[in-house]
Amino acid sequence: MFAFILSRILQAIPVMLVVALISFAMFAYVGDPVSIMLGQDFTEAQRTQLIKDLGLDQSFLMQFSTFIGNAAQGEFGLSYRLSRPVAQLIGERAPATLELAICAASIALVVGVAMGVYTGLYRNSWLSRAFLTFSLVGVSLPPFLIGILLILIFSVWLGWLPSFGRGEVVQFGWWSTGFLTWSGLKALILPAITLGLFQLTLIMRLVRSEMLEVLRTDYIKFARARGLGNRAINFGHALKNTLVPVITIAGLQLGGIIAFAIVTETVFQWPGMGLLFIQSVGAADIPVMAAYLMLIALVFVGINLVVDLLYFLVDPRLRVGRGAAGGH
Amino acid sequence: MRVKARAVLRTAAALALLALGAGAVQAKSVRWAASGDPNTMDPHSQNVGTVTMVLQQVYDPLLKRNQDLSLAPGLATEWRQEEPTRWRFTLRQGVKFHEGEALTAEDVAFSVQRALQPTSNFGIYVDTVDHAVAVDERTVDIILKRPDPILSNKLASIFIVSKSWSEKHNATRPQNTRAREEMHTTRNTNGTGAYRLASREPDVRTVLARNEAWWGWGVEGNAGNVTEIVYRPIASDATRIAALLSGEVDFVMDPPLQDLNRLRAAPGVKVIEGPEVRSIFLAMDVNRDELLYGDVKGKNPFKDLRVRQALYQAIDVQAIHRTTMRGQSVVTGTLFPEQVNGYVKAEDVRLPFDAARAKALLEQAGYPQGFSVTLDCPNNRYINDEQICQNIAAMWSRVGVRTAVKSQPLAPFFAQIQKDDTSVYLLGWGVPTLDALYSFQSLLAFRNGDQGDGIWNYGRYSNPRMDALVQRMKTDTGEARQAAITEALKLYREDVPHIPLHHQMIPWAMRSNVQIPHMANNQPYFRWAVVN
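Line order of the protein sequences matches chains A and B. Oh and the first sequence: position 143 is 143 in this note's numbering, straight run, nothing missing. Plus 328 on top of the position in the second sequence (first one is 1) and you've got this note's numbering.
There may be inaccurate statements among the hints.
As the list claims (entries may be wrong) - Chain A stretches covered by chain B per the calculated footprint, using a threshold of three residues with CB under 8 Å from any CB of chain B:
1) 82 to 88
2) 151 to 160
3) 256 to 268
Said to hold, decoys possible - Derived Cβ-Cβ restraints for the label pairs, each shown as a range:
4) B:E529 with A:A130: 50 to 60 Å
5) B:E529 with A:I9: 30 to 40 Å
6) B:S840 with A:F144: 28 to 38 Å
7) A:M62 with B:A593: 54 to 64 Å
8) A:S106 with B:Q395: 45 to 55 Å
9) A:P142 with B:G655: 51 to 61 Å
10) A:A130 with B:N589: 30 to 40 Å
11) B:E529 with A:L158: 27 to 37 Å
12) B:G596 with A:G55: 46 to 56 Å
Everything labelled a hint here was simulated from the structure, so no lab data went into it. Cβ atoms here follow ideal geometry from the backbone N, Cα and C, with glycine treated the same way.
The following block holds chain B by itself, in its conformation from the complex (with noise of 0.2 Å):
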């Protein structure tokens, strides 16, 4: 009798453990909406957040990020530099593509030679890259044209595709725009990340599906339990909250700042909230002699520093974080947040708000009576662009410069500043390599063909002082670097090219069983997400 009580007992606690098993392996889905939709599934073609957000739950680049953002063995598992102009990375074992390819040195290189081809969108982060060498089944020699201090922080967005697989389906090089045929990378995907590609139908579904046999499960924090993850744009914000409302959707990357006090009070439903690594500035044209967009003839009053200042004055930034950004914003008074490698806390002050230095400021450099000028400002880029524009001018006005505010939709609105057609403009900028050079290079630099310098420069500052720090940055190393990053920093408190505003707050919606955690670069990491 006690054997046999035994052995139910020993059945129940059986069929116990058995039903634990099954509920590890429960599907778990999240259904997850933004506003956009990725454009390509291609690893190379497109570097925006709407690509990048799906893709890097499908592709590993040689290294990852923590979720402070910090650098972590990706592919590669040990990096070194060999030379001043080569670096060594030795591969992962054992580890295979969705397809079944097992993981080699030349997938690695390829993917690199890859992101070169002019008709990709990564040439950034391959900059100083001369060419990429399989030394052997689990090393890659990286050379290089110059020495590059970040190289390891740019190939983090580098991701790494098959090249058999890109070699089958004639996809090499890609998406050109000069093609006839959709490629197969538009639509398709090979990686070896945490979750391969289940469907895709472009603007309406993306199914992402668990890879259990990825690399990284189980290690290094990667416990996230979801098994599939369903993607759909809905670009109203009212629907895309109604759906998170009423349950259809679980998370929503980008609720609507005017909806969060609503959802913060909805049952069932959370919102987390963090800081970007995107600042917001105006920029003014500073180089022609004439502004193109206000009423002084003869002169630009932006070239003057005394006009610069009384402006950056004139704002109550203050004013702005507390109504128009409810808060959800980090002031600031300098070119980009503490995640950026080479910030400078010391650096981080802005000039105060006083409206009557301004006007002071504005009587010494000879314009007792102000001028008018038009800030060109988009409306469906940045939180709240167009309201921070119209509070910008109603401070300016205050001060004598009468200030039209022209807004725009992005894609007129970046046609028309990219041709240097403006004379004060906001600017929203991220910085995906998390390094001060991505700043300075593209923001401050003078245009001089050069990949990356000053491409975003459209006030055309220039300043020899500035371009010769940029120059160091880009080869200095340690402490000396640090010192050319801290200069220009302080250069660009004393010169005010831009009038810094603030650093964005990017909420995310979720239904309250969802934990995911926030990441400044406003992409979802799925291998860390939870579903209760």
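So that you can see chain A by itself, here it is in the shape it has in the complex (with noise of 0.2 Å):
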């Protein structure tokens, strides 16, 4: 288990660095952070200088290297735009859009899943077909639109939900929260819907079929012949085996939602890492935007980690064989 962890560990040094080199690669075309910085009014020597305090005179391998080297201490450096240490700005961010994708994905888990075992077990009634329409909505339908019409229905015409913004957030520390105000809660409603929602239907999907691939194997039908009741049935045996698929699902998709929060931060202007993410690259802010994609980098590595651990409590097999190679 600990060689695995650690194996685990080593490989994403590289990708992590992979990460970097590329991000790093793209900045080059995203514009030129010092005509931004510079304005209306500047002489040229204002924007020598300007560039040679922002290192850009260097060759790229010397800028990478020192960006590196930096970041490895956990040393990002100060944003152009905001003028303020990256890592504080993204640490200020974070909570904001941690706390959206935890209610994204846990809507998306919690109300897929149920609505996945029911299509799965009511194959033909018309509450399961309207979740197949709606589910057919959710994917095609790409999230800015989904956030758009949310905020027409329930902010404009119905007037119940806030448009934009995270409403009242309240200060643990260095972690603000919106979990405990009411407008904080309300803020959360619909940008958590239209981040959850995609998931939401895979999941439903996923489940669904895995779901009726299972009510067809013969150990269910053997449980029936013993007599087991429905309810072990299906959620004690038949529910527990399509687990596997949507655990990994559903971990890669957390990655996913905390990354692809960005359209849904845009839309809303709900003040996390994504917002900022765009916000930088509107400015060509460079240190936000590279310290912005090792982080997630960094995210989908740790969360492919879990989600390998989790395997092994779900699958016994796994433990089994994992212990029996350890053995040899």
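Relying on the hints, combine the two individually framed chains into one complex.
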């Protein structure tokens, strides 16, 4: 187990380096931070000085190795756009994104699994058909459109929920939470649904097809023959065996939710990391973009590791296999 | 009995007065939104509209602007030119900074010096200043390197900050990118203005609270009743408009044009429009011997005046005005709008739209088959910038100049054109000093390393006559100076270094209960805002 984790961590290092290299190479195309920082009025001397100050006159490899060297020490420098330390900026924005992602993932998982089980068990009921039709909407409509539709209905027409922002937040040390205020909770609903809808429909369809598959297998038939109750069969045996692919997908999608919160955060002006990233792209704010991309890579690597570990818990065969291999 | 009734009446009247008094100090909050957030609160670091729109509520300059953008006394009550290179300013008495320090001449001299630092983006406003000295508590002398006829106009853009506060917080220079740490002034202010910064969360919320002790309340038409301003950036156009329609926001500075009709029709929302001091034009590479992005080999068609005139006359600017701009533009034939000092009505005349004449001119110039060229264009900087370029490409292609539009977001667009890496590009130019020199100097003077000269002249237009006129605008005064400007405007029409299109109109959208005067510098002044 420990060796497994260690090998995964060692594998992560080249992944991170490659991400850093690719993102750094892309920055050559996002534009020139200098022209944005200088504004409308400047002299050639000021321009040259600024390029030198930012180290942009150095070669690509020099800039890259300086960045990696600093990043390894947790030093990401000062944002060009906001003149504030990058680590601090991301730290301030992370709670917003994480709370949104957790809510979206919870909605997707709970509602998705429930709907999946229902549609798997009662294949021909009208409600199942309605769920399946609805899931097509979730899969086919892009999140920004869903977000704008929700805003139109619930903010502009009905006036129930806010169209943007996070509401009032409560500060716990460096963590700001919107869970503890009424306006914070209300502000969370629309973005969480927007962000989670795709995952919800994905999980629902996955659980449904897995359930259909499992319910046809011999051991379910034997279980029924033994006279076990429906509840025990459906949830104790069938559902449990559908969970391996669901955990993989849900786990990987959690990374996706955090990473692709960019669109939802932009639509709802949600002050998280994704919005920070978009604003940084607009200003060619390289330190923030680089740090954000590194962080997202780290999140994916971490989630993959956790998902692998969860397999051990859910699937006993893996435990046996590993254990036996380790014994030799 | 009678006495008692009178007493009751008196009490009632007193109560009513009390209630009225309470009404006057009742919280009047304005929730204001636009797409971008100010990226600093430092008064001399970033010279961009999103920063100024917040800071000018908080800081006062020596001279302020009236609603028609003319100059009015600010922190200085009197100013005069004592010698050609020495101006004397007398300060207002009894002014206090938000943190309680009294305003002194030292603060003013310090602020001017701070704007002169190399890390300041406000250098252009003090480019003629050598130094500033405090003569006594209430008098400041500004010593110039050379006479400057528009110094007072420029100083209206320099905010006055407390010297002792800046020194205490180690912020005697504007934000420096070399620094490793955040400066105090990035998120804190200490001005003398009508509002003080109550809280600031970058990219989320900026709250300004009314400074009841402001020297200007109740005088000079400053009759606003807003007690609190909550600024929140909302980047997505659709969300910003939804927030206005649903009543979560009271005032939107930059509503998208395609939503204006819907907003006008919506209950509880109004749109006010006015001109902006920003002119949109096309500039051509008139320097290279061969275009970078074109199929003409061995020569540069834009060096030929007839080609420039042909492209000018091929543009049906009225069609752009009607369709793309939906009537929200002021068509022009000159470099800047009438609010700018130096404007001459007689020079604001376009070459007429005439496609046949354009074709004939191209033929005379030796391009009967036309040629191809790439038009560089931003797609998120000016109102409808990309569509304007597409319209022009179609109009040029009709007379034989096959035009490809390369549109990009502003960051890569400006990075590209600032390397002179373009053949023809669209640019919009605002004039913060409201003086002709600013436009001629930046856009049409030859780039010679002097502060401001030709820094935005990416077609590298060069005409010694124009350069001489720009030098005269820098030093001449009175009628001689206006003569130089008029001559330069004439030359601009004759030489066609640019193809002018229009001045932008800026719509502001707000809830019906908000009244705020529309300003041609696209800045809201909440000291004039009234909320019912």
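Hints, one by one, checked against the model:
1. 82 to 88: Three-residue rule met by the segment 82 to 88 of chain A, so holds; n is 5.
2. 151 to 160: Check passed, 5 qualifying residues.
3. 256 to 268: holds (count 3)
4. B:E529 with A:A130: 50 to 60 Å: violated (43 Å)
5. B:E529 with A:I9: 30 to 40 Å: holds (36 Å)
6. B:S840 with A:F144: 28 to 38 Å: holds (30 Å)
7. A:M62 with B:A593: 54 to 64 Å: holds (58 Å)
8. A:S106 with B:Q395: 45 to 55 Å: holds (53 Å)
9. A:P142 with B:G655: 51 to 61 Å: At 33 Å between Cβs, range violated.
10. A:A130 with B:N589: 30 to 40 Å: With a Cβ separation near 38 Å, A:A130 and B:N589 satisfy 30 to 40 Å, so the hint holds.
11. B:E529 with A:L158: 27 to 37 Å: holds (29 Å)
12. B:G596 with A:G55: 46 to 56 Å: The hint (46 to 56 Å, Cβ to Cβ) holds, given that B:G596 and A:G55 are roughly 52 Å apart.
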